[in-house]
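In order, the protein sequence lines correspond to chains A and B.
The opening residue of the first sequence carries number 1 in UniProt numbering; numbering runs sequentially from there.
The opening residue of the second sequence carries number 1 in UniProt numbering; numbering runs sequentially from there.
It should be emphasised that the hints constitute simulated quantities derived from the structure, not laboratory data.
The model shown is predicted, which means the values in this text are computed figures rather than measured ones.
Watch out, some of these pointers could steer you wrong.
Copies of the same chain are indistinguishable here, so a pair counts whether it falls within one copy or spans any two.
Derived DSBU-like pairs (lysine-lysine); straight-line CA-CA distance at most 35 Å [claimed, not checked]: (1) Lys95 with Lys69; (2) Lys191 with Lys371; (3) Lys229 with Lys420; (4) Lys95 with Lys46.
There are 2 protein chains.
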Amino acid sequence: MAASVPVEKTIYLGAFAHCVALAELEIVEKGAIGVDEHGVIGFIEKEVDVEDVRKRHEGWNDAKVVSVKDGFFFPGFIDTHTHAPQHPNTGLFGKTTLLDWLDKYTFPMESSFSSLDKASRIYTNFVSRTLSHGTTTCAYYATRHVEATNLLADICLARGQRALVGRVCMDTLSPEYYRDESVESAVRDSKACIDYVRSIDAEGSIVRPIITPRFAPSCTAPCLAGLGKLAHEADAFVQTHVSENTSEIALVEELFPDSKSYTHVYDEASLLTPKTILAHAIHLSTEERKLVKERGSKISHCPASNTALTSGCCPVRELLDEGITIGLGTDVSGGFSPSILEEARHAIWTSRFVAMGTPAAAASSLNNAAKLSTAEALYLATRGGAAVVGLEDKVGGFEVGKEFDAQMIRLGSVPEEGDKEGVFGEDGAGGPVDLFGFESAEEKLEKWMYSGDDRNCVAVWVRGRLVHKTTRYTA
Amino acid sequence: MAASVPVEKTIYLGAFAHCVALAELEIVEKGAIGVDEHGVIGFIEKEVDVEDVRKRHEGWNDAKVVSVKDGFFFPGFIDTHTHAPQHPNTGLFGKTTLLDWLDKYTFPMESSFSSLDKASRIYTNFVSRTLSHGTTTCAYYATRHVEATNLLADICLARGQRALVGRVCMDTLSPEYYRDESVESAVRDSKACIDYVRSIDAEGSIVRPIITPRFAPSCTAPCLAGLGKLAHEADAFVQTHVSENTSEIALVEELFPDSKSYTHVYDEASLLTPKTILAHAIHLSTEERKLVKERGSKISHCPASNTALTSGCCPVRELLDEGITIGLGTDVSGGFSPSILEEARHAIWTSRFVAMGTPAAAASSLNNAAKLSTAEALYLATRGGAAVVGLEDKVGGFEVGKEFDAQMIRLGSVPEEGDKEGVFGEDGAGGPVDLFGFESAEEKLEKWMYSGDDRNCVAVWVRGRLVHKTTRYTA
Numbered sequence: 001m002a003a004s005v006p007v008e009k010t011i012y013l014g015a016f017a018h019c020v021a022l023a024e025l026e027i028v029e030k031g032a033i034g035v036d037e038h039g040v041i042g043f044i045e046k047e048v049d050v051e052d053v054r055k056r057h058e059g060w061n062d063a064k065v066v067s068v069k070d071g072f073f074f075p076g077f078i079d080t081h082t083h084a085p086q087h088p089n090t091g092l093f094g095k096t097t098l099l100d101w102l103d104k105y106t107f108p109m110e111s112s113f114s115s116l117d118k119a120s121r122i123y124t125n126f127v128s129r130t131l132s133h134g135t136t137t138c139a140y141y142a143t144r145h146v147e148a149t150n151l152l153a154d155i156c157l158a159r160g161q162r163a164l165v166g167r168v169c170m171d172t173l174s175p176e177y178y179r180d181e182s183v184e185s186a187v188r189d190s191k192a193c194i195d196y197v198r199s200i201d202a203e204g205s206i207v208r209p210i211i212t213p214r215f216a217p218s219c220t221a222p223c224l225a226g227l228g229k230l231a232h233e234a235d236a237f238v239q240t241h242v243s244e245n246t247s248e249i250a251l252v253e254e255l256f257p258d259s260k261s262y263t264h265v266y267d268e269a270s271l272l273t274p275k276t277i278l279a280h281a282i283h284l285s286t287e288e289r290k291l292v293k294e295r296g297s298k299i300s301h302c303p304a305s306n307t308a309l310t311s312g313c314c315p316v317r318e319l320l321d322e323g324i325t326i327g328l329g330t331d332v333s334g335g336f337s338p339s340i341l342e343e344a345r346h347a348i349w350t351s352r353f354v355a356m357g358t359p360a361a362a363a364s365s366l367n368n369a370a371k372l373s374t375a376e377a378l379y380l381a382t383r384g385g386a387a388v389v390g391l392e393d394k395v396g397g398f399e400v401g402k403e404f405d406a407q408m409i410r411l412g413s414v415p416e417e418g419d420k421e422g423v424f425g426e427d428g429a430g431g432p433v434d435l436f437g438f439e440s441a442e443e444k445l446e447k448w449m450y451s452g453d454d455r456n457c458v459a460v461w462v463r464g465r466l467v468h469k470t471t472r473y474t475a
Numbered sequence: 001m002a003a004s005v006p007v008e009k010t011i012y013l014g015a016f017a018h019c020v021a022l023a024e025l026e027i028v029e030k031g032a033i034g035v036d037e038h039g040v041i042g043f044i045e046k047e048v049d050v051e052d053v054r055k056r057h058e059g060w061n062d063a064k065v066v067s068v069k070d071g072f073f074f075p076g077f078i079d080t081h082t083h084a085p086q087h088p089n090t091g092l093f094g095k096t097t098l099l100d101w102l103d104k105y106t107f108p109m110e111s112s113f114s115s116l117d118k119a120s121r122i123y124t125n126f127v128s129r130t131l132s133h134g135t136t137t138c139a140y141y142a143t144r145h146v147e148a149t150n151l152l153a154d155i156c157l158a159r160g161q162r163a164l165v166g167r168v169c170m171d172t173l174s175p176e177y178y179r180d181e182s183v184e185s186a187v188r189d190s191k192a193c194i195d196y197v198r199s200i201d202a203e204g205s206i207v208r209p210i211i212t213p214r215f216a217p218s219c220t221a222p223c224l225a226g227l228g229k230l231a232h233e234a235d236a237f238v239q240t241h242v243s244e245n246t247s248e249i250a251l252v253e254e255l256f257p258d259s260k261s262y263t264h265v266y267d268e269a270s271l272l273t274p275k276t277i278l279a280h281a282i283h284l285s286t287e288e289r290k291l292v293k294e295r296g297s298k299i300s301h302c303p304a305s306n307t308a309l310t311s312g313c314c315p316v317r318e319l320l321d322e323g324i325t326i327g328l329g330t331d332v333s334g335g336f337s338p339s340i341l342e343e344a345r346h347a348i349w350t351s352r353f354v355a356m357g358t359p360a361a362a363a364s365s366l367n368n369a370a371k372l373s374t375a376e377a378l379y380l381a382t383r384g385g386a387a388v389v390g391l392e393d394k395v396g397g398f399e400v401g402k403e404f405d406a407q408m409i410r411l412g413s414v415p416e417e418g419d420k421e422g423v424f425g426e427d428g429a430g431g432p433v434d435l436f437g438f439e440s441a442e443e444k445l446e447k448w449m450y451s452g453d454d455r456n457c458v459a460v461w462v463r464g465r466l467v468h469k470t471t472r473y474t475a
């Protein structure tokens, strides 16, 4: 299985949109993006003459053309935090909060991944699901099983989805039936997964390993230290959870009485590096935020999960203002959707609750500065996420020299007489967004942002390779 | 066009679920619901022998059988507050709050409904959309145009969707280009719509009129009083907005300095009756809540809209505990989805923000009593809504003597090898819910609740009449 699949030289023609800066969305209505046989963007035009575009670029005369109708190209989404084995638990959380949720739903499901058949079925399905939502890069937590974790990497590589794949480490405070036996085995098994992932994709162009201590409460200090050492030796990415829930924070204080804070626990184990992704980070103190910033570690914001488990509202705008790098994470199955578009909406909602301050507050006392804009939420979903997973030079936006990770978005056109049968384009495949023809380009994008779903994502490319399509995709 | 369409005597076979009390969801795995030629439920069985069911009920020998696979029957949803003409603005709100949102998006769109062609296209499409999401009853705001409002009633009747259809009254503080000319014309035009709707459905079995002052700021006191008088003379339902946004509340105080509160403004105009639906009711004082309760008026909770426009979080659990009758409203296009299932999720999220109290609070200080459960949110979406629109004796649950307003829910089964192509049942038509086969009946329902969408709603009935279906419906 080759990490680098050759692709046909292609010009992507029609509207495209992407984030050029945190608060700035560029929408180009007559665009052309030329993508070479390595999947790299060779040229971009913004006022294109369709007839002329092939001729004007030397060497592109015979290029294939893929046109988008009733929609636009958008950069692939980047999911900076999700748990692939928890996919079957999506939507199951009831009124639990983090710690009882782990015991009730998560540990029993994850422990069953000792069965490779089960792992294969669930991972195959989950990678299909995330791709169908336009997720071109995903930072996955697997389970503590080496073989099943390696299988997830195989599946991502075969399907062509960029992934960070991590074996979960947990040597304490986890159930007897589901924990690493010792510090040594935890580190050894983690190393085995790193070696395997690097053996199937030496350059890490599609799949890369990531060291994954579940979170401080389920790792002893020696285990964390061993993983920190491994991270430096292997120059590997690290992902874990921090400051998600106040009971969890209290537990960490109790378990690590000599550490200044939850974040310091990781720092003391040399686990805070520029290649570290910290999920949640809701309740960080000023000092902890400073430490994260100093170490250059990144944050994965998971608002849907944080609301579902009533963990709290991460004050994302403050963290952004402090210069911390942030992306979005679906955090399945604390989160209830594998869609980063849905997550971007929840980033908006959570920022609005932060703006309101208390449930009863409203317009007159709004802290408008806390509200994320549509552009900002989409930035977190693409460029922000790219920077979190160390791919800011390769993906996240459309620029010459970047690789073409993209989704084709199509929206539904309402017939002049209205949709009398309620079929919305062959059995609902047209998706939930209705265009009446009088919308501006900005309004089309807003409609997609606030009511679009996977039906609007009709094709997905990674490095120029078509990795997902529906029948509404016509090349 | 007949309001009463004869239907074939039918037995609905298989699992069904419904709310039997506020916090109690009943799930029957081997059910049978017999529906007669008037659309009325004649019998219900809960441990059915498939072969036997027709024989055991006299007169049902020749009944048609409709079976549900991979899913269940659920009562039709009731949307107690939405604005049909704002459908094309769905998803457009940016960072506006109520009063600037009205000026920027709402009034320009609504005023264009002087064109019946435009009204026909948009209303046809919106009724199709709401039906496709399983909404069997809808309380619609139209515009101030008599003809377009009557057209909406015609469309609902033709499609068989139960509806309350209201011409919007507004004789002040609205733009010059979109307001009622006088108190007299406002009352006269409202009466014209009442008369029309009653002329096409004399018994009100499908469509009924509803008197609709937009909200206190856009109606003069004489206009409100005139509508209050009309409501009593015509024995009609009333719908309006109350206490949505703190700036709006301040404006009402300024406009009605002699009234004790926003709610009292309506009471003084005799507009608070047991047939009155008040949307939002976020910031009501204790005294206002008492008044609502005393008058027997109902509340439509619209959490998606309230979050989108940062209006605030309605403390629904407190209102329920006080004995107020509450349903859910999508409030398109303040709300960004025509789906009551999505609205039920937002009722859950909003209740969680109320539970957290402030964005930074969390598990340790949670006010768990404020959290709505899945059962409670679904109750509001069905039985609660039925009581809000005065149909509690007819719909909202499955009981002998009630009319059969229902949706067939189908969920997706994951193949043993996982869905390798990511097509999820012919181009995504299988919908977003993945069943692996090990879920309990309760878990299936939770999965639908937290990640289902219109694709899972494969058929919809009102009074036993099939009013929407997709190709995944097989009778």
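So, going through the hints one by one against the coordinates:
1. In the homo-oligomer, the alpha carbons of Lys95 and Lys69 lie at most 35 Å apart only across protomers (29 Å), although the nearest pairing inside one protomer, at 43 Å, exceeds that limit.
2. Proximity of Lys191 to Lys371 under the C-alpha cut-off of 35 Å is found in neither arrangement, the shortest distances being 42 Å within a copy and 43 Å between copies.
3. With identical chains, the CA atoms of Lys229 and Lys420 are never at most 35 Å apart, being 64 Å at best within one copy and 38 Å at best between copies.
4. In this assembly of identical chains, the alpha carbons of Lys95 and Lys46 lie at most 35 Å apart only when taken from different copies (28 Å versus 50 Å within one copy).
Consistency with the previously given hints fails for numbers 2, 3, ordered from lowest to highest.
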